[in-house]
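A.B. asks: Sequence:
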Amino acid sequence: MVPLVVICYGQRDGAVLSHSKATVWRHWGDTSDAEDLMRRSVVQRPLLLAAATLVTVAVVAFARVDVACQTWQTQPACYVAISPGPMVNAVDAVQIVRGPSHPTVGQLLVTTIAVDEHLGVRSWIRSVASPAVATVRRDVFYPSLPPSEIHRRNAVAMSHSQQIATTVALGLLGYDLTASAADGNAPIDIRIDAGGVGGPSAGLMFSLGIVERLSASDVAGGLIVAGTGTVDADGTVGPVGGVRQKLAGATLRDATVRADVFLVPRDNLSEARGAPVSRDIVVVPVDNVAGALDALGQLRAGVHPDGAFVLASAR
Numbered sequence: 001m002v003p004l005v006v007i008c009y010g011q012r013d014g015a016v017l018s019h020s021k022a023t024v025w026r027h028w029g030d031t032s033d034a035e036d037l038m039r040r041s042v043v044q045r046p047l048l049l050a051a052a053t054l055v056t057v058a059v060v061a062f063a064r065v066d067v068a069c070q071t072w073q074t075q076p077a078c079y080v081a082i083s084p085g086p087m088v089n090a091v092d093a094v095q096i097v098r099g100p101s102h103p104t105v106g107q108l109l110v111t112t113i114a115v116d117e118h119l120g121v122r123s124w125i126r127s128v129a130s131p132a133v134a135t136v137r138r139d140v141f142y143p144s145l146p147p148s149e150i151h152r153r154n155a156v157a158m159s160h161s162q163q164i165a166t167t168v169a170l171g172l173l174g175y176d177l178t179a180s181a182a183d184g185n186a187p188i189d190i191r192i193d194a195g196g197v198g199g200p201s202a203g204l205m206f207s208l209g210i211v212e213r214l215s216a217s218d219v220a221g222g223l224i225v226a227g228t229g230t231v232d233a234d235g236t237v238g239p240v241g242g243v244r245q246k247l248a249g250a251t252l253r254d255a256t257v258r259a260d261v262f263l264v265p266r267d268n269l270s271e272a273r274g275a276p277v278s279r280d281i282v283v284v285p286v287d288n289v290a291g292a293l294d295a296l297g298q299l300r301a302g303v304h305p306d307g308a309f310v311l312a313s314a315r
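Residue numbers for the sequence shown follow the numbering used here, so the first one is 1 and each next one is one higher.
It is worth saying that the hints were derived from the structure and are not from the lab.
It is possible that some hints are incorrect.
Okay, the calculated beta carbon distance ranges per label pair [claimed, not checked]:
| id | residue 1 | residue 2 | range |
| --- | --- | --- | --- |
| 1 | Ser159 | Asp92 | 43 to 49 Å |
| 2 | His118 | Arg191 | 30 to 36 Å |
| 3 | Ser215 | Val310 | 26 to 32 Å |
| 4 | Thr74 | Val303 | 17 to 23 Å |
| 5 | Val97 | Ser313 | 54 to 60 Å |
For glycine and all other residues, C-beta sits at the position ideal for the given N, C-alpha and C.
Could you put the whole structure together from the sequences, leaning on the hints where they help?
C.D. replies: Structure representation (structure tokens):
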């Protein structure tokens, strides 16, 4: 079995969760992001599926020949398949080195996507036919960057995301960060051990995980909450890529954990509405971290959050 590259990325930036041989970085530009690519792939799926049969014979004929993508762009080797990836519990990832810490029972799941960069004929056709998978041209998805730059950007993106998530969470809990910085005696020391997770799109869930660990309340209220979203310094939750795949992954039938609620940036709401889920799930659009906490509080109280809806599975 060929290992997959697993990515957790935002609208502008992305990085690798785990990899087989090569670490991959994607910098999304201001006018071309992952969601645009994936949305176009969904629209083009029927045409690609019809063409797949015609191309298969040619692909098999060239299966043992190394043909450059510049020469033959429709071969499977010139595409990558973006599918639902594993989930990481943000509560478990947060470590309180110094400061108050409370027992936790919640599950606040960081969602990811998996990228299969070694497509054969059969896997390419399966990917094109699956509503939960986006097939994107390799030269569009992966830029040409040296490994050293890939690793540098990956580390910077993750470190920055963790710092912002920590600052936002502590501010919401009432800590005076300005005074702590001035006297050099911060009362809280937080580490986030996310394994190989990189990129900014876990910011929302990391912020919620920190609040869960530092407060005596159960943020999730006994629910399994998944989500995605970048976080700015003011707590604003920003749009990300791969929302359809992340929602599909949060509801997979064969997954050991399946989410009850999915928190999505409001700017990604249209993509979320069309996600191919395997079971019904409550989708809650959020604008900022404080709003996400309020929405979870409403769910605990049995109140319907503003804009929330049940995304039904296609049974």
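A.B. asks: Could you work out which earlier hints the structure fails to respect and list their numbers in ascending sequence?
C.D. replies: 1, 4, 5
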